[in-house]
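So the protein sequences, as listed, match chains G and A. Residue numbering for the first sequence follows the working numbering, starting at 8 and increasing by one per position. Residue numbering for the second sequence follows the working numbering, starting at 3 and increasing by one per position.
The hints are simulated quantities; they were obtained by calculation from the structure and are not laboratory data. Heads up, a few of these hints could be off.
Derived pair list, reagent style DSS-like, types lysine-lysine, alpha-carbon separation capped at 30 Å [as the list claims (entries may be wrong)]:
(1) K122(A) <-> K9(G)
(2) K48(A) <-> K87(A)
(3) K9(G) <-> K281(A)
Selected chain G positions facing chain A (in silico; Cβ < 10 Å) [what the hints assert, rightly or not]:
(4) V18
(5) V24
(6) L25
(7) M28
(8) D36
(9) I38
Cβ coordinates follow ideal geometry from the N, Cα and C atoms, glycine included.
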Amino acid sequence: MKVELEADRCVASGQCVLAAMDVFDQDDDGIAILLDEQPAVEHLDGVREAVAICPAAAIRLVDQ
Amino acid sequence: MADILTDPAPEAPEAVPEFPMPRESRCPFDPPPTLKQLQEQGPLTKVRLWDGSEPWLVTRYAEQRALLGDARVSADTDSPGYPTKASPDAGEGKLSFIMMDDPEHARLRRMVTAPFAVKKVEALRPAVQRIVDGLIDDMLAGPSPVDLVDVFALPIPSLVICELLGVPYEEHDFFQEHTKTMVRTTATPEERGRASRDVAGYLAGLLGKRLAEPKGDLLSSIAGRITAGELTHQQATEMALLLLIAGHETTANMIALGTLALLQNPDQLALLRETDDPKFVAGAVEELLRYLHITHLGRRRAVTEDIEIGGQMIKAGEGVIMVNEIGNRDPEVFTDPDRLDLTRDARRHVAFGFGVHQCLGQPLARMELQVVYGTLYKRIPTLKLAAPVEHVRFKTDAFIYGVHALPVSW
Ligand code: SF4
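The shape of chain A in the complex, shown without the other chains (with noise of 0.2 Å):
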């Protein structure tokens, strides 16, 4: 009795975190502060999503890179216990193999790894470099302020990879417009499946266009995967959307994204005007890549064995989300993590993930980011905000983080 009256009362048990969090709205390159108060506290915690359901938040660097790299982690979203991002009844269907698993993802993956090897893609660089300086006169020549992101940072990767792919580039517009909507959480379901099956249908008839008559181009390899009987057209059409989706928003956003870090820390800009040394444009990129983060939601998976971990046992059936953005401050691997410093190593960085489904494209989107920023801002050197910091509205309401416009002048 003495026990129960001296004992302090029992703690209430700890609120299980929402995410995403809210993010700091003065720091918005920075991963919420709730984020980094529960890597301080341990690698693994449980978080709620949107539907109540209670997966495991991943926050360290290791831990991150470990579970990534586990073949017992799936990537199929149609395991048990998948954290879905948004419901599942989009209209999304399978995103070919980044939602499978290996064999079949390892299968599928290398039918289309061959553009993306890192020579092929400096062959590439001159017409990258025609592309962002062509936008770069365009600019010069128009009116200025201008949204950054309509005139430059969404063009970029989107006449790349329609190039690439063997899209004609007159369709961008109908492009931009689709996967806009198909990577923003506040589009409805409906809104979301038909963008993703408008686009879709659209692929379906440019590859059966090529199956009659094969150029030299992506689009061409894998309609000829369907010849030879190792894709059915659907499959096919999957694949080609990954590919024109994947590399879209991810891209444009670390553009304007990486340009307003870039304008908020001027001594950092200063070190990429003055230099003209492509090594130091490289590992700028790497150190961008760390500090910004815009797949925000997290690489989530479902555990398909037992699994311990940090001092965890992970069950079969339950979720894991790597958030990458905080494993990239982790402060065990990059000394003082939350300064961006363009002259640090930060190559062992995860925005690409880590493990099998680790980027395909990102020797694509390097050498694209290599080349903007080594130009943009030599080439428009009083480049800067026509807005008040605090007008540019960012987004936490889509898959993919970035800035909605970012209004320039020089």
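This is chain G alone, in the form it adopts within the complex (with noise of 0.2 Å):
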């Protein structure tokens, strides 16, 4: 599974952050950054969370 992030999208609600902190990051002016693309198993049900809350839809989780 690898995680996407269209930063242009992101309106830096931090949401994806607090949902999964391993795999994702803000910078200095709240836009949302991606840590690991492809992140372990037991970080994959908050990277669903984040794909489910980021209210502008800028995450994806896709098979390879």
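Combine the two chains into a complex, taking the hints into account.
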């Protein structure tokens, strides 16, 4: 599973960071950064939550 | 002929319900019963507003999120069909980027996202804890009963946002009075206009001072955008006004209404009082955000292109209102939605809205509420309502729902 982030869409809500701290962070302006494109299995639930709650639909989880 | 005689009489057209609807006085935390019925009937329905206009009311979670995330839906109050909450000549002007669409919305919003990033907000937690502890010390040292809104719920967001913006806190009485007027639907347009012009004038003055002599606060960084030619003085003032107002009444009402809801649900309150787990407190805050509904007038938009959704065709130029309080009670998404259950996972709620306009201040609001809910009931375990709940006056007359006052004792 691979995480994709479209930072152009991000509105800096911070929801992804709250859902999966090991996978997402924010830059100085609050825009999301992907820390880990291929997170370990134990982080996948958090990533799924981030996909579901990201208000800007900026995050996707894709099968490889 | 026979057909005409045997056919049932044509049904009278169903009356279009008025919005907002009256609430059930016995249950101040639940959405109006009519809203619940409408949600059961379908995701969208027409309603009639104060000015006679008939926008669509969107009652189900999935359709609310879809429309709030749709670029064919405009947040610009000047868009044809935009369902206004009150007379537009209220003198409020444009409240900066929340009343704009992309790309201008994104350009302006990104100028002020920095201090609201999760880790920056986390760094403020000790300061907020100090503020909360100080106010509780004052409460315990002072008379009982007391109005919790006055001594606790309103000063917290007020102190925090003044600190963040760099507004001298000595001016907070002035702001609280004026912001109260600005969000009261029973205030006349003239009163609302005067209040917002007064606060805007004051902020414009402060911005002027920061232009000359920048400090490390958010007002200085906004003033820096004027210097850089990215904002006019007017736009900068509108932005400062938005940030000042947005954090005030919202968080204050969440604190007071949340405390009342917990006092009415002692088993849930006990869970909060007995835990030392910050994760549990964070989860409890999400559930209270889902269960309560301070933005009771809904998120409002105008549709700019025809959209088919929920079995309806919404035409360009029609208004839509997404009532998050009923979306957050959608049984498709939350089991037993009318029960306050601090142990559930409520993170998917739409209390902060959805889409590109989702609340910018949400990490700050969350942190403030976590500190409050994690501290107040532990430090004052005997906290109780000092008047019969029937005497508590609810803010059905304000843009933000909550209580006018919350008499408590301990
Ligand atoms: S949840 Fe979405 S909008 Fe919010 S910070 Fe993450 S990517 Fe950006």
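For each hint, the structure was consulted:
At most 30 Å may separate the alpha-carbon atoms for a hinted pair to count; K122(A) and K9(G) meet this at roughly 28 Å. Annotation: proposed proximity of K48(A) to K87(A) holds, straight-line Cα distance about 16 Å (limit 30 Å). Note on K9(G) and K281(A): the hinted pairing holds, with a Cα-Cα distance of about 27 Å set against a maximum of 30 Å. Satisfaction of the interface hint for V18(G) is found here, the shortest Cβ-Cβ separation to chain A being roughly 5 Å, below the 10 Å cut-off.
The interface hint given for V24(G) holds, since its Cβ lies 4 Å from the closest Cβ of chain A, which is under the 10 Å cut-off. Residue-level restraint check for L25(G) holds (minimum Cβ-Cβ distance to chain A is 6 Å; threshold 10 Å). Hint status for M28(G) relative to chain A: holds, with the closest Cβ pair at about 9 Å, below 10 Å. Interface hint status for D36(G): upheld, as the beta-carbon distance to the closest one in chain A is roughly 5 Å, under 10 Å.
Because the closest C-beta pair between I38(G) and chain A is about 7 Å apart, less than 10 Å, the hint holds.
Every hint, counting from the list given before, is met by this structure.
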